[in-house]
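Student: Chains A and B are the protein sequences, given in the same order. Just so we're aligned, residue 1 is where the first sequence starts under this note's numbering, counting upward by one. Just so we're aligned, residue 1 is where the second sequence starts under this note's numbering, counting upward by one.
Each hint should be verified, as a subset may be incorrect.
Once the Cα atoms are required to be at most 30 Å apart in a straight line, the calculated DSBU-like pairs of lysine-lysine come out as [unchecked claim]:
id, chain 1, residue 1, chain 2, residue 2
1, A, 139, B, 77
2, A, 327, A, 133
3, A, 133, A, 114
4, A, 139, A, 114
5, B, 77, A, 133
6, A, 119, A, 139
These aren't lab readings, by the way, just hints derived from the structure by calculation. Every value quoted in this text rests on a predicted model; they were computed, and no experiment measured them.
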Amino acid sequence: MSSARIWDVVVVGAGGAGLTAARHAREAGADVLVLNKGLAGRTGATITSGGGISIADSTLARLGFDLDPAADTEQDFAQDTIRSGRFIGDQSLVTSMVEEVGDALGELITMGVKPRVVKRAPGHSSGRGVHIKGPDMQKAVTTAATRAGVMFREDFVSAGLLQGADGTVVGVTGVDRRTGLVEEVHARAVVLATGGTTSNWRLRTAPEELAGEGHAMALAAGAALIEPEMLQFLPCCVLAPEIWKGIQFPWTIGPQAGVRAWLLNRYGERFLHSWDPVNVELATRDVVSAASAAEVAAGRGSPNGGVYLSWAHLPRDIIENMPLWSKSLAADGRYQGFDFTPLIERIKSGYAIEVAPAAHFSLGGIHIDVDGSTGVAGLYACGEAAGGLHGANRLSGNAGAQMLVQGRRAGVAAVRFSRRNWSLQPATNGDELHARLVAPLERETGVAPLELAQRLGALTDRALSPIRDGARIDAALAEIADIRANALPRLAVRQRDATYNRDWLAAIESTAAVDVLEAALIGARHRRHSLGAHQRADSAAEDDRPAPFHGLVRAQGGALAYETRAVAFPVLAP
Amino acid sequence: MRIRLKLARPQDGGGDEIADFELPEDPAQSGISGTWEGASVSTALQYLQRKVDPSLAYVLSCRRGLCDLCAVRIDGKVVTACTTPLRDGMLIEPTRASLQLRDTVVELSLVRRNRI
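Chain A extracted, bound-state conformation (with noise of 0.2 Å):
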């Protein structure tokens, strides 16, 4: 089915960033359509954020807040944010986000959005930045878009996009999740904002919904995944029970808050003094996370598969007092929506935490430059869903700066692009998409979705944990080839009414996810030695590391190839 109108700009994700996209597509000029896969406002990882925009005290000082713009610079900030990414992140990327931002938190001010300044940021070199909770977040986006004249289709899940005879991009091809019926979408630029890929990990903090299909659509379009093995966790999660599974309580009244709990293995060895003996927990959450995987791959994790956070060295009067230092830490125990009173009752009896890293930001993505075009005419992307900007790891807050500035950038080029494709050319895979999408409906037996998906959540757990080796990818690539051969072919949905089918939804994020994971593991096996997010068992030895570089995957001759590229320093060099 295919309807006849031709909309300016087709957004593909509707939080932060890709509602932040479509306002500034709107405001342009253009007619505008944000597709999302569940309700706009409702859904997405905008609402499950900690709420921090990063932005320099100078920045912050123009805006009109009480702050010395000499104690913290727009360069500051730069510097900061390509040290933590670890030199790989993309310096252009990063320019534009330290400047611009400002103007972004400027406009969510005029809306009425009232920030809170933040105090201290871990690895910040100063408070630098405000926050501004999830869900009030989401609210500002989603009121502004439709305020602009944006218009929606929701439970519409984008899994293709339509390309004419020169590759250029011409719509997307999805399902109405209510209808059941696959649809075109036409358009004159689409911008991918669909968020992380993260919903492949079985523990994770981040929302239902992120398998990845934008990044699947945008290989198959023939645009480039940067550093797809850049996967950032947030270590001390809860693992049991079930209710509470991939919560960062634990860690946000731990080390977060800077209160030494401390992580033991199954012997009770505080077995961070061997990776950072001077902060031991207070270590980044790359080291952390790493440190707790690590334990675990060794057999001295807990029955769950996880550490020990533990509270019980403290004295009963630092624990009982928490709740007045720590914000997240409520009088009735309630943390975002859950009671967490029997934990902290836990706690006070003397009992440790099981806890877990939790997939939590992919910070490697869809490939772009500074206008969030992906080098493939007419296609965008931004926010968490393109890659680059935070190299080997995310400083707090910079996720929040980077939908704002990303956003505006990709909505504003995509009405640019738009502006030169008036006069669309006809798709010449529309067919193709279409019979790619209904196959595991029309197909009688074969493998259900749901257990390609939990032999894909297995295999990344074993394969791109926060502890990873070579064999290991090695393993799970091989076996992403036995999916491809034999899984995909055979997907069946169970069911026949095609409506709020969630077989149907689930074949196609594992269809998505194949891909997503195959990009993360080459990445992974290509880049030899530990950096950042990407730890490995086996790194190679540090006289043989090499000098910063970025590691592409993309499409070619139907397979998945790697290339490398060498950084750029124009802000900061190693």
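We have chain A; now place chain B onto it with these hints.
Tutor: Coordinates of chain B only, in the frame set by chain A:
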């Protein structure tokens, strides 16, 4: 553990159907940590769609009570399924019959006036 789902399905002639579902003894076999009492209503809905009734429709996003997408009515009270622990014999219904789209899924769009 036994839970009850009130499912109104158009193809069944529009009448409400209350279906009883028995959750198996050992949640670990379905990859669920700990007991059913320590799992959420969302986990049970996910389990039932995967293992019992592939046609069951449910929605879930943030898993932490922030997005309200998974709102349902449980024993008469509107709550988020993802933050509500399972209880034996609980009755799960859509929040409001007039908003129902399918099974537990209801219309909660925030952008209805801008939808095409």
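Student: Does each hint fit the structure? Answer for all of them.
Tutor: Results of checking the hints against the structure:
1. 139/A x 77/B: 25 Å, holds
2. 327/A x 133/A: Roughly 12 Å between the alpha carbons, so the hint for residue 327/A and residue 133/A holds.
3. 133/A x 114/A: 10 Å, holds
4. 139/A x 114/A: 13 Å, holds
5. 77/B x 133/A: Distance of about 27 Å is within 30 Å: holds.
6. 119/A x 139/A: 25 Å, holds
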